[in-house]
Each structure stands twice: as structure tokens, then as C-alpha cells.
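Chemist: Next come the chains, spelled out residue by residue.
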Amino acid sequence: MFDRSAQITPHAGDASGSRLHLRLRRGRGPETGTPDPLSISNRTVGAVGLMGADYPGLIFDPCVALGEVVCAGQPVAKMRHDPRLTLTAPVAGTLTQVTRGARRRLQGLTIAPQGDGAISFDTKDARHDGAALRALLLAAGAWPGFTTRPFGRVPEPGVNTGAKSGANPGANAGAIPDANANAKPDANAGAIPGAIPGAIFITATPSTAAAPDPVHVLRPVAEAFEQGVRALQRLTEGPVFLCQPEGAPLVAGGDGVVIVHVSGPYPAGLAGPQIHALFPVSNRRSVWQIGYQDVLAIGHLLITGQVMGSRVISLSGAGLQPALIRVPLGASLGELTGELRGEILGDTAQAGRRDHGVGLVSGPAPSGRASAYLGRYDLQITATAPATKPAGSKRWWHPGHVHETPPAILPNEAFERAFPFDILPVPLMRALACGDIESASRLGCLELLDEDMAVLSGLCPSGNDYGRLLRVVLDALDAEQRV
Amino acid sequence: MMMRANSGLADWGLRNQTLVTGAAAVLIVVAALIQRGTAMLGPLALALAVVFVWTAVFTRLRRRRMDGSGVISAAIIAMLFAVLIPETVTPWQQALALSFGVVFGGLVFGGRGRGFLNPVVVALSFLAISGIELTVMDPSAGALNAAEPGALVPLAGLIAGAVLLATGLISWRLIAGAWIVLLPSALLWPVPEGAPTGISAALIIGLVFLIADPAASGCTQGGRWAHGLMAGALIILFNGASPAAIGLSAVVSAAFLTSVFAPTFDHLAITLNARRRAGRDGYGDRVGHARRDRT
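So the sequences go chain by chain: X and C.
So the first sequence is numbered by our numbering: it starts at 1 and just counts up by one.
So the second sequence is numbered by our numbering: it starts at 1001 and just counts up by one.
Hints were generated in silico from the structure; no laboratory data involved.
In this text, a Cβ means the ideal position worked out from N, Cα and C, and glycines have one as well.
Covered by chain X, per the in silico footprint, the following chain C stretches (three or more residues, Cβ under 8 Å):
1. 1168 to 1176
2. 1271 to 1280
From the derived model, a few chain X residues whose C-beta atoms are all more than 12 Å from chain C:
3. Glu31
4. Arg100
5. Gly117
6. Val215
7. Glu246
8. Leu324
Here are a few chain C residues that face chain X, going by a calculated C-beta distance under 7 Å:
9. Leu1014
10. Arg1064
11. Gly1113
12. Arg1114
13. Pro1214
14. Cys1219
15. Thr1220
16. Gln1221
Next comes chain X alone, as it looks inside the complex (with noise of 0.2 Å):
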């Protein structure tokens, strides 16, 4: 059968095939479009978290000591199988907590934003260098803005080949930042990166209605944007696509950068339909996605020389007015909604909830999470109102304790009308449903993430969310194909 579930033309007047549509037809929900433009407002938190959840299947170790005071772009953790990829702090401030989970991997890290100190990174060489660029996004703690399709993962940093650290020590001394011994990624030096993507997916499109306009947010940045698409164009040897909405493109297409104008309802402003359309990965090649505001980081990064850890996120929900606030990554969300701080770091399911019975949920309503701190990739905060419990009033014939069975699938054409991929929604479900993890391999879920999921779990009467079955699967299909 033939899938016209999406169309793709090139734009009008455009013989290079640098600038293409993509209208999307099917989904569930309002039309992916710009949300009303609204000033954006900075705003100071009392604590920042760093969540060790944000980065599955990734352990880091946290490379500071409580109380200790840091700078912005300071490392505070890195990855325990390769130190060279680091998580930097987002702000100068004290380390009031370090909380360690299973196999002491981090799990949370608050800090307590304080000064204004910043490490300032040599970014001479990774102006021209891929290497150095490498070098420069995993040191600068920019590289985990980068998601792998398949499998979600942050990208490898590369692999190192007989040249150990020492043989070659000067070869990426430019991207080392001065500032502080600790920052110094070691092991670094005559890497071949191992990871290349077959293209680069810039998600410039609002994923919700709710979110923040990327066109907004980025106009008065545009050149440190631009300086961050070109800076992509090195690490990769495919195209770049920069999805956006329609209008004008954001920066120059061509020379490798491809403009997508992608149109249509929900969920067509997500990565995953749109590399689903254009690029699809399979177990044979992958491409990385990564957000409009880590773009701007990275040209931030380059231009500078100093991380820039604060993000654009929109406020929306229950009982909340609508803002544009420009707030710290992992800030926390309990005051930025004016309400009491999360008190449990890393308890996901409890954190989040409020006293009013309102919870908070980093990120969009239908794929986001109940969280204490803003998560990694999240540009939005959204307040839902509280879920109602079913009634659980004993009756005559229950015979005592009750088994609670979710109801089952229940097949119909919805189901298809709001799921943009040439991928059967219900078989996947099903195989998703019960662990299968080869039929979903085959009925093509290497080509979703965890987020795609979202608008079947919210159409689906069973109850399971299909996201994190899906990040079970996919889980066990990387476990597999590393062995």
C-alpha cells in the first residue's frame, strides 16, 4: 500500500532542494503553528538540578564535592565508561546536594546559583576543526544536547584508536579550558570520533501548541544560531535539516543545510515524524536530533567561549498564565510557578505534585513528566489538573482483594488517523504491550522514541503508557546490538 500520510515539495522557486515543505496529515490536536508571541522575562531560581533520569542508559559520576562552589561550565559529572563526555554546571553556585542511586551512579545534583563566576573555553580551533569541535561540545557539556535515533541515546564521544593520552597531548590543548584543572578532558587526544551521524535534525518546531515560538525565540539571537547550524555541518557527513515552521527560513539553507518547512497537527512539530519523513534510520544508520536552543548554545559556545545554561521554556496549564521565561537549565519548577520547592530529588512520581493537588510535569502534557527540575530537553512547564481516581468502593460481589486488569486494546481506525508514520499503530502497540521485543523490532519501533508514543497512550483505553514500554524495548535492542 501506498503511504501518503506525508508530502514533501520542494519550495517554490528552489532548484537546489535546499528549502523543502513537509506537510504532515495525519495527527490528533491543533495545527502545528507559531503560539502567540509573548515578551520573555528572565527569572532566578534558588536551586538547579541535574537529573541523572534525563540521560538513559548513561551512568555518570559526580566529579565535585558537596559544598563546593563552581562555576558555570564547570564539569560536575562525567560519564563513568568514558570520562571525556561531562555534564557542566548551568550556573556558578554551591552544590547543596549529591544523591547517588543503584551502583552509586548520580541521580540528582542540586545547585544553589550564587555569583557569576564562568569558565571561559578556547574555541579558536573548534571555529574550523570537527575534532576540535568534538572536543569542545563534550568538554563544554554541549555534546548531551545531541539524542541518537535509534534508541535515544546520547551520542558516543568517538573511539579512541591506539593513540592513548599522552602520544598526541597537544592535539585538542585549544579546546581545554584554562580556567580549572578539573575540566580538563583526559584521554582526548588522537580520538577518532567513532560516532557519525548520517544527518544532523534540527527540531525548530513548536512540539505543542503550548511552546515556545522558536522564531520568536531566536530572532534577537540569530546570529549565534546561525554560527551553531554551520558548527553541526562538521560533524556530519550527511545533510543538516533545520525543521522549522513556515515562513522565513531561520538561516540560510544550502551548502549542506536543508530547510524543512514542516506543517500539520500534533505530534508533527516532534523530531520523529519529521526524520521519519525525510531521513528514516534503521539498524543500519542513524542520525542525531537536537533542539533549536542547543543550537543556540553551541553558537553561543562558539562566540563566546562561555556555556550558555539558561533556556526559553513557556509556562501553561491548570491555573497558570501563560509566559515565556528564560530560566536556568534544570531549574526548579516549584518556584517558577510560585509554589513550594520540591523537596525529594529523583522521586519522579511524588516530586512534581503540589499540595493543591496540582502537578507539575517538565515538559508538554501528553509526553512530559512529573519532575522536581526542569529536565534536559524540556522547553516547557505545564501544570495538569489532578487525575481523578477511579472508584474503588468495595461492592457485593468482590470476594475481598481485587486484581486490577487495565481494559484491552481496542483496534479502531483512531488510532491510524493519529499516528504520522507508515508504521501500524496496533500491531506495535500490541507487541509493545506484551515485551515483544522482535515484533516491534520489526514493525519498525527503532524508528520511534519515548515521546512519539504519546499520542497513542493518550487515545488508548488500555491505560499503558507506551512510551515507557517503548523505552523497555528499546532498551534491550541496544543491550543487544552491543554485545
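Assemble the complex: chain X is given as a structure, and chain C must be docked to it using the hints.
Modeler: Below, chain C alone, put in the same frame as chain X:
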């Protein structure tokens, strides 16, 4: 942990769907009551009692909660069975057949949506293979089988079908597939002298509630087309006589066989989809080649 924004509404969604289907079934029962009078009440009461007893037994054995959608689903089974069953079938045969259908067509699998057959189809097939005549060709008998005097029940079936199609609870592809086969054969087949004509209620209700039951039909778009086409072809084949008057036994046998074949059609659709995706070349590849050639 991902959070469902409407986790509290998940059951409401199912109950809503079941309510609409239930309302459509009630419409047909009301039409049948008006048309056939109090003769309907006995079979209806019997069917409701049988279905609820078995549902309660299984709910208790499995220590489950008797929720709203489960009760309505059970009532739908009873109502459809009461409307479709000919009056010539004795009450004990009705009770036995419906018990078999409810238990082995649904409850042993875990309830609605977990089995692969419609319980009403199983119950009626049980009667059919026991040699009990389901298609009563004599219109004066008052049974709702061949062309029945009075168009009230077929009309109610058409309205119910339109509601279910409009709400997306049954697949228009499946219904269209069946009519693609049924309509031309009905027009081309010579109508024998004196045969009853008109759209039979058994065909309408069978198509809308039994053949197009989402829990017992294809779950892919290709599978739904194939399901509809096969159902239409089997109805013509089993009916034998003129398609102008389609009997209940033909509809039931067709529904049973197509339900059995539905997973096969879905499997074919999945294979075709997987093959297409494996050999696919994204638009971006053609754009990307220019750059790769250059570098």
C-alpha cells in the same frame, strides 16, 4: 517515568466508546420490540440473565472489578443475541448456545478485546453446527431473518451503523469492502420468482455488530479491507440463494470464518509494511547525495 496527562480519563474513554455501541444496540432492540411486540421480551430477559450470570461468575473467579464498560459489553451481547435468534429455537437451546458463546467466545480469553471472536457469532454458530435452522424463510413466522415484513429493524440497523461509522468505532474500510462484493452480486444475481426482497435485518446487524466488531476483525488498514471483502464474498457464497434475501446463517458463518482469518490478513499487511520500510529511500537521501558527492 512518563506521565499520562489523562490517566484518569482512560477508563472514561472506553466507557464512552462502549456507551455509544450500547446505545446503537438499544436502538435495534427498541425497533424489534415495536415490530414484534411482547414476543421479544422472553428471549431478551433470558439472554440478559445468561450473560450476566456468566460474567458475574468469571468476574468473581478472577477477582476482578465489575466495571461499567464490562456491564454494557455484556448487555450488548445479550441484546444482539435476542434480536437475531429465531423464535423457533427453544429457550433451553438459546440458553445453552449463548452460554457457550459468552464463555468460549469471550470470557475464557479474559473479556472483551482479548478474544478473537465475537461471542454472539460463537453462540449462533454453535446453533448452526448443531443442525438448528437459523434462516427462517417464512416471513409470517415473524422471525428477524430473511426479508422481514416491516422495515423498522433494518432501518434501526442502518442508523446504528451510521452512528458507529461516524464515531469511528467501526471501520468504514471494512464496511466498504463488504459492500464492494455484496452490491454488484445483488444487482447481477437473478431474483427467483416469489422470493422475498429487501435488505435483510440479519445482514445489516451482522455487518455492523458482528463482522465489523473491532475486537474480532483486522487491526491494520489493509487487513480491514481484506476482512470486508472476504466477509462479503463468503456471505454470497454461503447464502446460496439470491443475495436479495440474505439469511442469518450465511452472515454468521461468514463472520466466524473471517474472524478466524483476520490475523492472517494482518500478518500479510505487516509483512508488506515491513518490506516497504526496509526498501525505503527517504527524500533526504536524495538531498544528501549531493553533499556526499561534493565532499
